[in-house]
Structures are given as structure tokens and as C-alpha cells.
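Enquirer: Here are the chains, one letter per residue:
There are 2 protein chains.
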Amino acid sequence: MQFELSGTYIDELRELIELKKIDSIKEQLNELYPADIAQILNRLKDSEAAYLYELLDDETAPQVLLELDEEKREDLLATFSTKEIAEQLDNMDSDDAADLIAELPENIQDEVLSQIEDIEQASDIAELINYEEGTAGSLMAKELVSVYSFETVTACIDEIRRQTDNVDVMYAVYVVDDNQKLIGMLSLKKLIVSHPLARVEEIYDADVQFVKTNTSTEDVAEIMQRYDLVVLPVVDQLGRLIGRITIDDVVDVIKEAAEENIQRMSGISDDVDSNDKLWRLSRARIPWLLVGMCGGILGSRIIGTYEEQIKIHPEMAFFIPLIGAMGGNVGVQSSAIIVQALANNTIINDRIAPKLIKELGVGFVNGIICSVLIMAYAYVIEDWKLSATVSLALFTVILCASFLGTFVPLTMNKFKINPALATGPFVTTLNDIIGISIYFLVGRLLYGVF
Amino acid sequence: MQFELSGTYIDELRELIELKKIDSIKEQLNELYPADIAQILNRLKDSEAAYLYELLDDETAPQVLLELDEEKREDLLATFSTKEIAEQLDNMDSDDAADLIAELPENIQDEVLSQIEDIEQASDIAELINYEEGTAGSLMAKELVSVYSFETVTACIDEIRRQTDNVDVMYAVYVVDDNQKLIGMLSLKKLIVSHPLARVEEIYDADVQFVKTNTSTEDVAEIMQRYDLVVLPVVDQLGRLIGRITIDDVVDVIKEAAEENIQRMSGISDDVDSNDKLWRLSRARIPWLLVGMCGGILGSRIIGTYEEQIKIHPEMAFFIPLIGAMGGNVGVQSSAIIVQALANNTIINDRIAPKLIKELGVGFVNGIICSVLIMAYAYVIEDWKLSATVSLALFTVILCASFLGTFVPLTMNKFKINPALATGPFVTTLNDIIGISIYFLVGRLLYGVF
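The listed protein sequences derive, respectively, from chains Y and V. Heads up, the first sequence is in numbering that gives the first Met the number 0, so the first residue is 0 and it goes up one at a time. Heads up, the second sequence is in numbering that gives the first Met the number 0, so the first residue is 0 and it goes up one at a time.
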């Protein structure tokens, strides 16, 4: 029953569009959910997508718009008049509408807002677009049902009935005092099973989690996960209830944070998607490639100082890649564990030393294993001098990389820099350079001494 | 108002435990949610944790148990009798209880099950532990409210009232036919605003998303996200309603999948956590380190064949780290984008060629930029031969790494291997070796020809 998009499906639909078979197209689209239709539009040419969008009914169209890829949505909206955009916004939840209006070119935002027919919706959106990105305010929607504690269950139900058109999905009713201050909540289940004449104050739950408008979205996500919430009320600085955040928006935050981490770890410096344009994809990657190049150049200068030694012992060059790669691998492993622990809040800020010691322990164990193996190999293939150099250097490099892989992300986190940045090209490049330095230093010592 | 754990907090609590100040401890714990208490227990010694756990009330204790780190929970449960474990399970949702019983040593599982007082709970758990891990069946809970389509709203509400003790959180009532086949749903909101004498068949929503017990958890997560669901019913092979999955469990699936991807990408071959024991952390990392070593040894053999050339032109060795690192970086960037696109289902299976072409395009652009820069640098510092060698090799390596970084994860995905495995030590090692081969091959050609 779940929709699965295939290339053949797209081709067939394209043919229907080409032949303008409106009825068949409408029939096909009717079977699908907005998210599925959006998936299809993402893969059509702009003109085809606009044609298909026109065929959608008033309720489905705004939902499809919201599910589109950002670039596609931009292209589609560019073909709309401000009046048409306003009509779409009128049929959305206030938070979605605010997100969408923020994507529009600044010069038309006011015009679109002024053309929204529902005055309440327009003023809700106007309020929401003022909240800073990355805060609870930017995530919340204005649609909610609140009741006073002195009301009866029947009055609550009447209120829900009145608001039922505005609030699509509802899990709870919030309880406020005379000053609109949030004092508790009432689950719909509780409302259903309570006596119609019971007063809210007798049955409501005063133990309610909430956040302020300026709480960070990371904290919102953390709270909703930790306490298994599907909806979280938002209050202003005076504690007055002004909005609510639902779990679907938070799931997006969680996924985006994970994706951002993966991208930072992989040396991609901007949020990109494989469907983005080529130049955007290139631009997002070039910064860390240039850092890597600088690292490589620095490495070449270090090796350059050993030019004479390499002439006499060219076998020293053989193990350069091994030392570099192992330093990088160990560093990435350590930092990945730390970045993950930081993301999950399993590290207490004032207890960093035990983590460092543990990672060094892991480095010690794995360093011994690897260096013994490479010592045996190099002894058989080459001679004992090279064997001693490589294994001693490898052991030192692994220990060093374990330390840096732990220390760098922890330090970055302390200075409020995304620690995932440390787990990728940065730590790899750093360990590459340090690895080579150690290797040739050990080599000079051993070859010099004996 | 949100709880923030600090080292000082733990120290103070430890002191209270030491002094056995039961009242103060209870007072402190009373202010906290189960998830917060679990966070504290995770950081205490086993004996302290057991002491604190004893002080919790019957409703809080099982919730705390569920939120503990797995190792801590194992240690704590080891001090319990089977009867005590059974008591904890009796106060949990069936899905949580089934997950927990699956963690117990096999020889005591049956004994614990037989000691659960509530027979219905015991048989629910017995059913759930049979579902394979990674399927919808393993995620679902048995607690749900279902009604027949011929019932009235009032009858539904009575049914909810009857079940209210079993079902903690409820968002919808499911509608079934005489054979218990799922035919639709009714949101609590709809139930509240409908006339008490209205029949379910007049008001229910027949358009309900569901999954089968053997649907994969990834698909469950994908469906709940795509359609913004907070609860998803589960049916058996005959379409009969047998359970439901809630969004909080799916959030865990999403987070675990992201974490697993990050670990695989970082060359960690087992699911570990920074709190795991040292030997577990070491064991999880050694496999990819050994692969990296083999790659390094292979690299050393390749360079070894150019020993004579290095003696004459030791400057060739200078740029070995640069070539290796750049191949690795580019490969990781490309594969991260592809792994992400695969995770988000933005790649259609039968349309792989466009992705390859795009990544090669990005590689081409970045390859040109990097190789021109390095050509200029090497020309100024060394000579035109080395400059030409390095830049030509770098360009080829970047193109090659772009191709492999795209092709390898796509291919692995086709063969149902986690593509994240390709984005890390594997692709780095591969590109290292290929990079060095290309570099020395180009060098031999250029130095030989001119």
C-alpha cells in the first residue's frame, strides 16, 4: 500500500502530461498522499511540475508545496503571483506558512502577507517570522487549544469544537490562568474519560514540560526525546502560553542535525543535498580540500628536510602512506565516539579526564597490536632498522592520534564550535602531518644511532 | 526547569547515599522525571545505583529501568530475583517489557515470564518476543483501543474508559470489522467533537496508513516521517489489527540508524558507546585498522617497485602524503553525499547514471582548481617536471576518487550492504592505493619521456 517511486512511473506520468490526459492524471494523484505527490514533482521538469500542481485541489496543493525540495519549491513559486502564494499560505499551519514566507525574496514577503485573507493567520505568521532561526519560536505553531482552570469539561469540548478547523492535529489541551500563563495540561484521553461537569482544575496535570521562545532547537529536541513527548508548549518570557511544537518538526531537526554532522565529518562545509546544483556541491567541498592541500604541502616540506636521508635509504619512503593513513583512521575513530557522546549528552562537562584516559587506553591496546604486526612484517621484508622505525613510529602515531581525536572535539565543544568539524579532514590532516614528523624523526634517531 | 546533570550534583548525591539520608534523597528524586533519574544512576557505582533504585516508587522504578544504559541495566537486574524482575515488567508497556526480557539471560527468561501476575501482559510479552529484531513486530506494543464500526461514540468512550489503565498514551482509536481486520481510524479529536449517538461508521477515517509485522523498522520510520504520523497500526498477514507503533520508538530508530552510519563511516565495526568497557571499544575498532594496515603495506609494495627512481629523484617522495590524503578526502566527500541520499530515499534505483555524472562533474571542477594551485606551488618550489607530475596525478586521483566514492556505496546498496561501510576506511584505503599508483606511474612517464 505504500507508494514506491520508480523511473518507469515518472516516464508514464510524463507521457500523460504530454498528452494532457487530465482525468487520468487526476485519478492517479487522488490515490496519493501529499508527500508522495511532492516526490514526483521533485523529479519532473519545472513546466511539468507547474502543470501538475495546477491540477491539485485546494487542500492538497499547500501540503504538496511544503513537502517539495527547497530548490523545486523556489522554482515553482517563482511562477506564482503574490496573490496565489497568499492563497497557499492561508491553508497551511502557521509554522509551515512562516517557514515558507521566510524562503521568499524579501521584497515580496510583505506583499504576500498583506494579501492573506484570514487576518488571524496573517498576524500569526507575521509574529512567527520574527523569531530567530534555531530557536523554539522558529519551530512553533500558533494553533492550539487553551482553557481556563475554572471551566468544565463540557466547555473544553465546545472550545475544541470551535477550534477544530484551525488545529489539524491535537493531542492535548493547555490550561492557563487569567493572565494566559501556562499552568498545566489535559490530555484528550483524560478529557474523554472525565465527567462532563468536572472542572478542569480538578482533573488537569500541573506537571507539564514547556520551553521558552528562545530555547534552542537542539534543547527542544533533547527534551522531547528524553521525556517522550509528542507536543511541547512554548511560553514567552512572562510564562504566557503562545505556541506549541509538534514531534514531526522535531524529527526533522534530529535528522538535519545528524546529516549536518555527517557532512561536517566528511569535509563538506555547507548543507547540501545530492539534488543541488553542481556549482553548489563543488563550492561546499572545496574549502576542506584546500585545507587538505595545505596539509599535504606542509607534509612535503617536512619530508623535504629529509631529502638526503631518502637518497641513502629510499625504503623510508615506502611506509609514508601507512603512517599517514593509520594516524588518520585512529583519529577519526576516536573523534567519532566523542562527537556521538557529546550529541547524546553522555559526557558531563566537568568530567573530561576519564574520557581522555579511556581513549588513550584504547589507543594503547590497538597501538600494541598494530605495531607488533607491522614490526614482524617489516623485519621479514626489509631489515630490523626499518622494522623498528616503522613500528615505533606507528605506535607513537596511534597514541597521539587517539589523544588528538579525543581532545580536539572536546575542546571545540567547549568553545561552542560544532565538534563534528574536528572529525574529518581536520583531524586527518593534523594526524597526517604529525605522523610523518614522528616517522622521520624516529627514523633519523634510529638510523643515526646505530 | 529542565534538569541538568553535573559532576557536583553527583558528588552531593553520593554523600547523601553514604550517610543514608533517605528522606533528603527521596525528596530530590521526587522532583525528577524517570529519564533524569536514569541519567544519574548511569553515573553511580552499582551498589549506589541499586540503593537508589530501591527508594523509587512502584510506578517510577520500571520507567527508570527502561531509560538506563544497557550495561547499567544489566548490572542492576543481575542483583534482582526473577520475581522482582517480573514485578517491574508488569508495570511497563508490553513493547518495553518485551525488549527488556530479550536482554535477560536466556535461561531465566521463561521463569520471569511465568512469574508475571497479569496473565494478559504475560501473553502479550510472550507474543512480542517472537518477532524478529528489525521488524515492525519488534517495535510494536499490544496496548491499543479498537472499536467496531457499528458502535456509537458513547460506546467508544466507554471502551476507552475501560482500557484507560492499560494504554498510557493514546492518540487514536482503531476501527475493525467482525474479523478484527483494520478498516480505519478515529482521532480522539474527532471522537470528542462528534455527537455521542453518532455511529463510528459515519465518522471514521477509512484512509489509514498501516504496516505488517514483518515490515522493516527502516520502512516504519520512513512512513511515519513521510506522513507525519505519531502512531502507526500494525496488522498481521491477514490484515487483522494486532498492535501499534508510537513515534518515540521510531525517533530512537532514526537516531540509532544515524549513529550507526556515523560509526561505520568512521571505521568502527560494532555499535559502541563511549561508556562501554575498554576492551569492547578496542575490539570494535581493530578490524578497520587492520584493513588500513593492509592497505598501507600494499602501498609500500607499490612504492617499493620505484625504489631506484626515488634514489635519483627523492623529491618524488615529498608529495606522497598529499596525493594520498586528497584521494581519501574527495572519496569521503562523494560517498557521504551518496550515503545521505540513499538514507533519504532521494535516489531512484533505476536512475544511477545521473548521480555518477554529477559527482564526476564536481570532481572535475574541484580537480581543476586543486591541480592548478598545486602546479603553481610545485613549479615555484621545485621544477616543472615534478610540478607537472603532481598536478596531473592529483587531477586524475580526484576524478578517480569521485567516481569510486559514488560507485562503491551505490553498488553496496544494490547488494544490500550498508553503504556507510564504504564511506570511511574502505574508500580512503582504496583511494590511497590508487592515488599512489597513479602518482608514480605519471612520474615514471614524465621523468622517462623528458
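The reader is advised that the hints may include incorrect statements.
Identical chains blur together in the list; that is why a pair holds if it fits in one copy or across any two.
Once the Cα atoms are required to be at most 25 Å apart in a straight line, the calculated SDA-like pairs of lysine to any residue come out as [said to hold, decoys possible]:
| id | residue 1 | residue 2 |
| --- | --- | --- |
| 1 | K211 | R239 |
| 2 | K189 | I202 |
| 3 | K20 | I9 |
| 4 | K357 | E73 |
| 5 | K254 | E3 |
| 6 | K44 | D157 |
| 7 | K357 | E306 |
| 8 | K211 | Q179 |
If you're looking for bench data, these hints aren't it; they were derived computationally from the structure. Here the structure is a predicted model, which is why all the values come from computation and not from measurement.
Enquirer: Each of the hints needs a verdict: does it hold here or not?
Expert: Verification of the hints:
1. K211 x R239: within (9 Å within a copy, 44 Å between copies)
2. K189 x I202: both (8 Å within a copy, 21 Å between copies)
3. K20 x I9: within (15 Å within a copy, 69 Å between copies)
4. K357 x E73: between (49 Å within a copy, 21 Å between copies)
5. K254 x E3: both (21 Å within a copy, 24 Å between copies)
6. K44 x D157: neither (47 Å within a copy, 53 Å between copies)
7. K357 x E306: Close neither inside one copy (38 Å) nor across copies (41 Å); limit 25 Å.
8. K211 x Q179: within (14 Å within a copy, 45 Å between copies)
Hints 6, 7 from the earlier list are contradicted by this structure; the remaining hints agree with it.
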